[in-house]
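A.B. asks: We have chain A already, so just place chains B, C and D on it with the hints.
This is what each chain is made of:
4 protein chains.
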Amino acid sequence: MSEIQKVVPKKVVLAYSGGLDTSVILKWLQVTYGCEVVTFTADLGQGEELEPARAKAKLLGIPDENVFIDDLREEFVRDFVFPMMRANARYEGDYLLGTSIARPLISKRLIEIAHETGADAIAHGATGKGNDQVRFELSAYALDPSIKVIAPWREWDLTSRTALIAWAEQHQVPVPKDKRGESPFSTDANLLHTSSEGKVLEDPWEETPDYVYSRTVDPEQAPDTPEYITIDFERGDGVALNGEAMSPASLLTALNELGRKHGIGRLDLVENRFVGMKSRGMYETPGGEIYARAHRGIEQITLDRGAAHLKDELMPKYAELIYNGFWFAPEREMLQAAIDHSQSRVNGTVRLKLYKGMASVVGRKSPDSLYSERHVTFEDDAGAYDQKDAAGFIKLNALRLRLLAQRDRG
Amino acid sequence: MSEIQKVVPKKVVLAYSGGLDTSVILKWLQVTYGCEVVTFTADLGQGEELEPARAKAKLLGIPDENVFIDDLREEFVRDFVFPMMRANARYEGDYLLGTSIARPLISKRLIEIAHETGADAIAHGATGKGNDQVRFELSAYALDPSIKVIAPWREWDLTSRTALIAWAEQHQVPVPKDKRGESPFSTDANLLHTSSEGKVLEDPWEETPDYVYSRTVDPEQAPDTPEYITIDFERGDGVALNGEAMSPASLLTALNELGRKHGIGRLDLVENRFVGMKSRGMYETPGGEIYARAHRGIEQITLDRGAAHLKDELMPKYAELIYNGFWFAPEREMLQAAIDHSQSRVNGTVRLKLYKGMASVVGRKSPDSLYSERHVTFEDDAGAYDQKDAAGFIKLNALRLRLLAQRDRG
Amino acid sequence: MSEIQKVVPKKVVLAYSGGLDTSVILKWLQVTYGCEVVTFTADLGQGEELEPARAKAKLLGIPDENVFIDDLREEFVRDFVFPMMRANARYEGDYLLGTSIARPLISKRLIEIAHETGADAIAHGATGKGNDQVRFELSAYALDPSIKVIAPWREWDLTSRTALIAWAEQHQVPVPKDKRGESPFSTDANLLHTSSEGKVLEDPWEETPDYVYSRTVDPEQAPDTPEYITIDFERGDGVALNGEAMSPASLLTALNELGRKHGIGRLDLVENRFVGMKSRGMYETPGGEIYARAHRGIEQITLDRGAAHLKDELMPKYAELIYNGFWFAPEREMLQAAIDHSQSRVNGTVRLKLYKGMASVVGRKSPDSLYSERHVTFEDDAGAYDQKDAAGFIKLNALRLRLLAQRDRG
Amino acid sequence: MSEIQKVVPKKVVLAYSGGLDTSVILKWLQVTYGCEVVTFTADLGQGEELEPARAKAKLLGIPDENVFIDDLREEFVRDFVFPMMRANARYEGDYLLGTSIARPLISKRLIEIAHETGADAIAHGATGKGNDQVRFELSAYALDPSIKVIAPWREWDLTSRTALIAWAEQHQVPVPKDKRGESPFSTDANLLHTSSEGKVLEDPWEETPDYVYSRTVDPEQAPDTPEYITIDFERGDGVALNGEAMSPASLLTALNELGRKHGIGRLDLVENRFVGMKSRGMYETPGGEIYARAHRGIEQITLDRGAAHLKDELMPKYAELIYNGFWFAPEREMLQAAIDHSQSRVNGTVRLKLYKGMASVVGRKSPDSLYSERHVTFEDDAGAYDQKDAAGFIKLNALRLRLLAQRDRG
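Residue numbers (UniProt numbering), protein chains in the order written: chain A, 1 to 410; chain B, 1 to 410; chain C, 1 to 410; chain D, 1 to 410.
With the rest of the complex left out, here is chain A (with noise of 0.2 Å):
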């Protein structure tokens, strides 16, 4: 019966970081299935040398030509990131959703480089109580509805450090000396954001230990002084910082140098996993929290109010689509356009202040603005705008509020 379930692969391509459990990974596919592997690094600005990986792929038996390295930084921004923050999407009222955004863009790859190399599946390094295994597998099941995939985790018997690193071990995985004791938590970093889960973070009522944090400098030693910038945003996607034209990617490295600097984009979270049951992660943005709100800056006098209310409607739901995996589900897509078709006028820039953790518009102008002063001013509006208009405009907005109360209050 189980055998449907039973996955044979023949070539396996391996989202590979390089580090302990990820060789692990590499080497039990090699013993359990008799499989060719091949090795897929990405950087998506995780701040860690590649080639390392390379290095210890080739240990482990890989040869060259199935050890990929890419550098995915501006697709990543560019294609995912942007357009996500054109929904000023963040998942249960906060979380900005630098993970969930990055696993799409991973599996696209492991995907292409399957097809590239006749692979016939992959392989990702998630356990099976988290949402990652969900992110990388629908994903990959939407690019290739036939790709095999390999979750070792729900498959193993090494459910402890000691086994894992006892099998290490036996099959001459090398084990750097650092790795030997448990971190006291878990994390994932890239361009957008690193976050850190479990262990010490497990009780939600201790506060986050400071040294948790490495993305950003604690909001007390940060500068006593504000720092402003000014963001400028075509189509809705930022592109110069300072008056400085940037690439999607350059633009998220120069901010989040500013919000390291200035203590920006921490956030405490118990959030509600996909697979069922709540969890408590510690999150550093600092230059995704400083963009969004740039952005929601420069939307106040870009947008219309029919557009910018339905994007507050779409968005719980588009969040919850990228945190669940859904990237390239056909309703996300659907809520792409409709989002993408609000952005074409949301151009100007943006002035915001740095101070202490936060990131505050203090202006934002654009040669698209809807603000009309001269609609909105207390002073002499030279008739652009007709005061009694309002009492038409209430007593119609109110007839059906009134049979009502003659109904039920009379």
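In short, the hints are calculated from the structure, not lab data. Careful, some of the hints might be misleading.
Repeated chains share a single entry, so a pair holds when one copy, or any two copies, can fit it.
To be verified - Here are the simulated DSSO-like pairs of lysine-lysine, each with C-alpha atoms no more than 27 Å apart in a straight line:
no., residue 1, residue 2
1, Lys388, Lys199
2, Lys353, Lys261
3, Lys179, Lys27
4, Lys10, Lys148
C.D. replies: Here is chains B, C and D on its own, set in the frame of chain A:
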């Protein structure tokens, strides 16, 4: 024809602040309609003495029995602010609706007083360009469909400050010296917030000048040391600060003091008015901002995902309804029924760190917590969660995407 | 004061049917404003000769170059009806929006003609109680923000039929004999539907009299034998009837004939107007009802669940926007972008049975079908689907409910 | 590893119909687990004798005290069908959820009986491909988080009819002669509907054969004369037919008889299952279809627009929750709270015409009607409505569109 609209009131209840504008309105009602005027002055926590309003009303000839002064602070927070906070309502992503939520209560009292005194009309001092006229009037009509509403700013010819003051002097309305010049901006205040708009704030590119702020210290002047507090919740409402039980208004008052001290709750926003134009406002919601973050914090561990996500999806519409003045509309009440249903186990304690403009949740605990360390742990979970279940979960979530991919990418 | 509102047009484009009411309006515009009048008469498939309108306009002194008569049937169906049908739009659960969807097209042409002829205003014959005034005017303002709009029914004193006819006779507007009495109800017709309301229909407890129906035979008089038809769809739009390719308007015309014969598409509805009151209408949408059911039928096999459910969730708002007159609003365009994105593979053939008032989908097939007999079969599915996957799927969907039950029912 | 999942029940409550399949399951549970079996057979109005189930259970060795037979018809209609009908729920535009709504009630009783009898598990006869397994199990887990669930169709090897019958004979389970062959389709029935699917229905292009229908006459064979009926509603629920007060189940039973006679409520649908594939079903919901139309009819005159539109917007999600098995989830309960809040004045009488497959609302009246002839009339309305108000209403609704047009089309 237009006789239909012509309201000829016999006795009018006026929302009366005691200030120059509503004093002119008081006199104008007497002069224009020859009608009896009843004044109503509410203490909503705006921080002003109310007895001077009584004196001024009497000076303008209002007899004692026609002067109503009520302390509505507890009702305001308990029946309006807290229910709204249960929804995590923010208009256009940010605005905590401080002015919007006060209007229906004022209208409710105006109508009650009209019924007590046999008045056939109410009057308010909101202009024809803003949202407040709509909020006052929709609420009034929803509570008494046959009430007449007088909105002098839409009726009279006093279109400049000079004209208003001239009219006042001509009709023996006392004009305080400091009211002769124009105020550099316009404000509204209550226990939840102070809003400022107009004049110096009209250019959305210009940073708000420091003198506009009245409820919070500049974050740069706030204490250099963070302060930690706890708020206890029962059934979704705050009941204690630092372990000390407090009434709704007392709790919000105490949080305002904390927020003021730490520079929390400043917001510079360009928003979309219901009447159709954009306006720029500056809001200070010190205690409300702390409270709103704390409420989300306690929901994180006590609210089921399905309930939480439904709330997030409904929130933009709920906030829009309040902003637009539809507090007493059946659709707002329906949403409230749904929201309140979700709050029955929203109990527990949130710990926050207040520091230079920020209120950050750093811990939450609850006897009704849904957070399960056993399920989420990276360690041995004693069978709480079978990672193999995730395989089937993903497979069936992926099925439609695979069928789609077979068609579209095959 | 009210000068602000006073529109003094120089040249007005009038939506002109050639009937008595719009002929009176034509004359009234000339008499009241001394302005030049341009008439515009559209063929939207209402089934009336248009040339008499030309003759009447000329009789009333309109020179040839100011008389515009256009056949808009193809544009109407292609650019308005079909896009709306892609959304499966029904207002308040039932109404296929036959009148609502025609108004923006008329306004579009009015504005185009205004620009061609140098007119500064448009005029229409809709009353101040209905939705059509709103639809005409919102569309006009959205296309030309400086256009003036004249709505004589809101302006003049002709509040009874007698007054109107007296005014007509006094001003040499010919009054056909059959228009001297009052019509027992009011109608609007175009290629999509005929609506009737007012007078004999005003009591919602009384059944609609048979003489009100004009587009469909009584189902009881319809053929006793069902008729089967097929409709082919491409990218969500109908392209052929019974295998014969047809233009949009031709297809709808042919479906109208079929619907008429079988008594399909009658609807008795009490609906909520945008201006605040309820009204009772009787609609006949013979071809539209068939088409709408067919469209849902083809979507059933070609649309992914995620796309289909998102469409269903968005539909009520989309329908409301069209009903309220917001066709040319950005939020309608955003929703259309999402909907259109979903239709790229909505291709195939639907088979329907027409019988005594009913149009029932009885079969659908498509080269782009997502229906997989292999997956759904009760028979051996050759490993297409592993039933064991369902166990994990259910377990993880249940997890949050179990954690909740442990807390709430434990 | 997989021990985690291995359920070893001691005492199982089985949803038992008395038919061959569940008799085999009964025996299989005894044989496989050596466990005690409790049978539960519900009368949900499926129209079958229940006592034979008792006899069969006893024949299979179940002692009297372990045989539960309950008449749940009133509870089913009152607490499940009617609340759902208040929402006007239809899944994917059409399906009245007849099977979906029965499952949570069966699970509720299974759990209650488990608690009464000290059983630690429940079992059901739903397959691993359908929605019913999900509905049974989510409901069970939501009511008892520690219950074990046995779904034999996902467990055993009996993958063909032949294998099942062979197993039955081998284990002394009586096999009725008419069950030896394969049924040409599969059905589910209760008081609300009968559904049929599978086999002869699997090709969605083929029209459903006439012999599949069991609850309704062919519309072509239905009476040639329409029949008129009235249904009275109180607080959103039906309470009388043709003026005669009836209990919920009695009313639905009587409507079923009417619907059967007139061929009402047949639906041929291709729908999207929660488990990911599309399936084709044929539904007969004779009384439910009449009831659903009547409920919308009474809402038309008693429900405010804001409430009605909010209900329409929430409905697709509500229907999806029921379809997917989330009846006992907090988000369904929240939506129910909102919906129920809207029904407090949904009182009155609806008149319907039943004719050859159609149930058409032709009249509605209510002491709580919001319909105002005075407001809607084309005649003199005695000042109820000032048409001039519409000018201001339109102007302010247009303002944002005009500002937009000035920017975009200027």
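A.B. asks: Hint by hint, note whether the structure agrees.
C.D. replies: Going through the hints against the structure:
1. Lys388 <-> Lys199: For Lys388 and Lys199, the Cα distance is within 27 Å only across copies (22 Å; inside one copy 63 Å).
2. Lys353 <-> Lys261: This pair counts as both: shortest intra-copy Cα distance 13 Å, inter-copy 20 Å.
3. Lys179 <-> Lys27: Answer is within: at 17 Å inside a copy they meet the 27 Å cutoff, but 54 Å across does not.
4. Lys10 <-> Lys148: within (10 Å within a copy, 38 Å between copies)
In this structure, none of the earlier numbered hints is contradicted; all agree with it.
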